[in-house]
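Peer 1: Here is how the chains run, residue by residue.
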Amino acid sequence: MLARAAGNLYWMARYLERAENTARLINSTTHVLLDLPLGASFGWANLIEIAGLDNLFKENYPVADEEAIMRFLIEDTRNPGSILSCVQYARENTRTLREVLPAEMWERINTLYLYLKDNAAIACRSRRDRYMVLNNLIEQRHAIVGLVAGTMSHDLAYQIIRLGRNIERADMTTRILDLSSAVQFPQDSVLHETLMERIWMSTLNTLSAYQTYRRLISMQVRSGEVINFLLGDKRFPRSVEYCLGEIESCLMLMPKSLQLQQLVAQLRLKITQHQTDGQSAAALHNYLDSLQAELGDIHDALTQCFFHAHDSTQPAGKTQTEIVFTG
Amino acid sequence: MELALSEYTGNTAYDELLDRDLQPRSSARPLFDYLNSLDEKELAARRHAVDDTIMAMGITFTIYSESGNIDRAWPFDPIPRVMARKEWERIQAGLKQRLTALNLFINDLYNDQRIIKDGVFPAEVLAGSGNFRPQCVGITPRFGVWAHICGTDLVRDRDGTVYVLEDNLRVPSGVSYMLENRQIMKRIFPEVFRTTNILPIDDYPTQLYQTLAALSPRPGDQPVIAVLTPGIFNSAYFEHSYLAQQMGAYLVEGSDLLVGSDDVVYMKSIDGLQRVDVIYRRIDDGFLDPEAFNPESVLGVRGLMRAWRSGKVGIANAPGAGVADDKVVYAFVPQIIRYYLDQDAILANVPSYLCMYEDQRDYVLNNLDKLVVKPANESGGYGMIIGPRATPEERAQFAELIRANPRNYMAQPTLDLSTAPTLVDGKLAPRHLDLRPFVLQSDKLFATTGGLTRVAMRKGSLVVNSSQGGGSKDTWIVEEEAQSC
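These protein sequence lines map, in sequence, to chains A and B.
The first sequence begins at -17 in the numbering used here and counts up by one.
The second sequence begins at 93 in the numbering used here and counts up by one.
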């Protein structure tokens, strides 16, 4: 498989995962906001912060209200992390990858793009429309993942898609955790416990994890347990540990990846050994930051190993539609 | 389904589907029966479905313009062009004959030049050729074949005669649209395939693969085949990626390849360098190899000519094949066929006047209002003049161009290109069209069943190029005997 094509494929998978996760995050935030009392510090602006996009947002929007933030996150193509941008980049990458993907793949992603292009503005109109459009996006994404899993040969190209998907997913899970842990309430609030529970419930819902959590862990939603679950559970496909396991199993099938495998194994060990119980919010935030940084290191290492390995043999061509990894 | 009668009664051209009394020709009768079964609403709905399908399939082409490149949806007319198998078989034989002779001609030009020594082909035409590559002299590619993929443009005149308009031997495009047009028709009009026996066309990618695989320097092993594209901004990028996908080949850009000191071409893959056996190049000669041709080219691969000359890689079409893709050389094709094959040309050439000869040039200059004049080395309909439709000032300007560089121009009478019913505002109106079949040659010869029908969507227009407002139709070669009437 061509190194350049592999790079495009990896990013295609990341963009699609990012688009889906952003949609999930917006949907569940909408839900939880409906339950929060006045005075809770949690708000829409937190969404921009966890994506690491606050500066870009402030450059383009005077007011950080719901409407502006939704436009920024959903339809604004000046934001490389907006849902429309991600799907557009995924489509542009897919256009260069038709020969390595199942024939229906291009049509699926193209259709998704056309749908979003027509509906992104509608999604920013009202909460109801937004929910509908974002849900459609998530469903179409599922169809794409299913198409890949069920019709594509599970070769190198397939492993690269899994790599991209799981790196992005692991990163996003840490960011979603960070969002919830950032919520502060007025200390005297008698509802503190219940509200915290609501927030964590919504976190689980964002990741479609609520049901699994209740079945595998507890009927009670407590912050320490949710954090442990989403970081370290070995069965739930959106936990950081699970994603890292996927990444490791991909790497085992790929050439010259021994060093990379070690890097991933180290991070897994770090997560297994970490104690989250009783940790302060600030310590948790720092910890999640360090996980993101290490995922970034893995990303850099695999980019160097697989996609840019030949850069020294000839002047490098411009990499297609690669955006700066935010955060 | 209604005919735009006012347009049809004034139509002097041959119509592919309707006879002089505006009755369907026998090969098109089942199609018309079907079309008549659709009411206006149903037809509009199908038309809409066609547009949606084209959007979803992302079938696009790029137009170069001063304001930047625009990706356009492929303009498609849902009314197919129908031709009886019997007529097609004669054309097919003519296409194969033509490409065989042209390849013998190219190989001769780069080697002994017997045809010049025997006085059949003038040395001065070769001397003035913009596409002759001195770098290729002395080479005989495998099977002696230079042009492995040829797109031949055919037109039909008022009396029903089919003429060859030109042979595209450099990097002819359009075959992906031919294949996709059929896919669209199958999706949107599945019923009609039951009433007519339409010959399938989908073996092209396999035939192309085999044509290319035969060029591999490592026969016996499964060859690594790459389609070399200039990149995503090229107008035919859609086709490059489509063909790579259909053949299971790699789609590569120049920067993905390198030529080693062993003269072998390698591809930069994620697990190291991988040998490439055959390159289906979709970039022009001049950009192929900065070492041999244009040193400024960033699209090509340094050392590619070296690799090809030493037989370490197959290239289709071979560098230099374009020497026969020249509108002046075109005029000599009947003589070329006779010279190499000792046969008469099965397909007629349009009568041509070469401006390099004084008497013919005088005729052209005196009859500019009746002729089409084309530059020898352009493609895509650029740089030509349609005399009857030009203003006297435009003709005067063009006459100066001809006098300044006579070798570069040839002229032909304006043909009354045939028409076919085309859906315009809910009615069937006559629109002019041509046909581009694709012919393949390596160890075997192959011609597509039909080809890409290009249609000028504007009333009266004769320009069918997609870069200039042309559309396309599905092309049906039908078996008449098998039809149930």
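Rather than coming from a laboratory, the hints here were simulated on the basis of the structure.
Accuracy of the hints is not assured; some may be wrong.
To be verified - Lysine to aspartate or glutamate pairs mimicking DMTMM-like chemistry, simulated, CA-CA at most 25 Å apart: (1) Lys99(A) / Asp144(B); (2) Lys278(B) / Asp295(B); (3) Lys188(B) / Glu572(B); (4) Lys278(B) / Glu86(A); (5) Lys188(B) / Asp434(B); (6) Lys238(A) / Asp111(B); (7) Lys216(A) / Asp271(A); (8) Lys551(B) / Glu486(B); (9) Lys188(B) / Asp144(B); (10) Lys519(B) / Glu216(B); (11) Lys278(B) / Glu89(A); (12) Lys551(B) / Asp295(B); (13) Lys99(A) / Asp451(B); (14) Lys519(B) / Glu179(B); (15) Lys188(B) / Asp143(B).
Peer 1: If a hint holds in the structure, say so; if it doesn't, say that too.
Peer 2: Verification of the supplied hints:
1. Taking the CA atoms of Lys99(A) and Asp144(B), the gap is near 15 Å; set against the 25 Å cutoff, the hint holds.
2. A distance of roughly 16 Å separates the Cα atoms of Lys278(B) and Asp295(B); the hinted pair therefore holds under the 25 Å criterion.
3. Annotation: proposed proximity of Lys188(B) to Glu572(B) holds, straight-line Cα distance about 24 Å (limit 25 Å).
4. Distance hint between Lys278(B) and Glu86(A) is fulfilled; the C-alpha atoms sit about 16 Å from each other, no more than 25 Å.
5. Between Lys188(B) and Asp434(B) the alpha-carbon distance is near 15 Å, which keeps this suggested pair within the 25 Å criterion.
6. Between Lys238(A) and Asp111(B), the direct Cα distance comes to roughly 68 Å. Violation of the 25 Å bound is thereby established for this hinted pair.
7. A hinted pair counts as satisfied when its Cα atoms are at most 25 Å apart, and Lys216(A) with Asp271(A) qualifies at roughly 21 Å.
8. Of the pairs offered as hints, the one joining Lys551(B) and Glu486(B) holds, with about 22 Å between alpha carbons and a cut-off of 25 Å not exceeded.
9. Distance check on the hinted pair: Lys188(B) and Asp144(B) sit about 37 Å apart at the alpha-carbon level, beyond 25 Å; violated.
10. Taken as a hint, the Lys519(B) and Glu216(B) pair is broken in the structure, with Cα atoms around 52 Å apart against an allowance of 25 Å.
11. Only pairs whose Cα atoms come within 25 Å are accepted, and Lys278(B) paired with Glu89(A) is accepted, the gap being roughly 16 Å.
12. The hinted pair formed by Lys551(B) and Asp295(B) fails the criterion: a straight-line CA distance of about 34 Å is larger than 25 Å.
13. A C-alpha spacing of about 61 Å is found between Lys99(A) and Asp451(B), which places the hinted pair above 25 Å, so the restraint is violated.
14. This hinted pair does not check out: Lys519(B) and Glu179(B) have alpha carbons roughly 28 Å apart, beyond 25 Å.
15. Simply put, Lys188(B) and Asp143(B) have alpha-carbon atoms about 35 Å apart, too far for the 25 Å limit, and the pair is violated.
This entry does not satisfy hints 6, 9, 10, 12, 13, 14, 15, going by the numbered hints stated previously.
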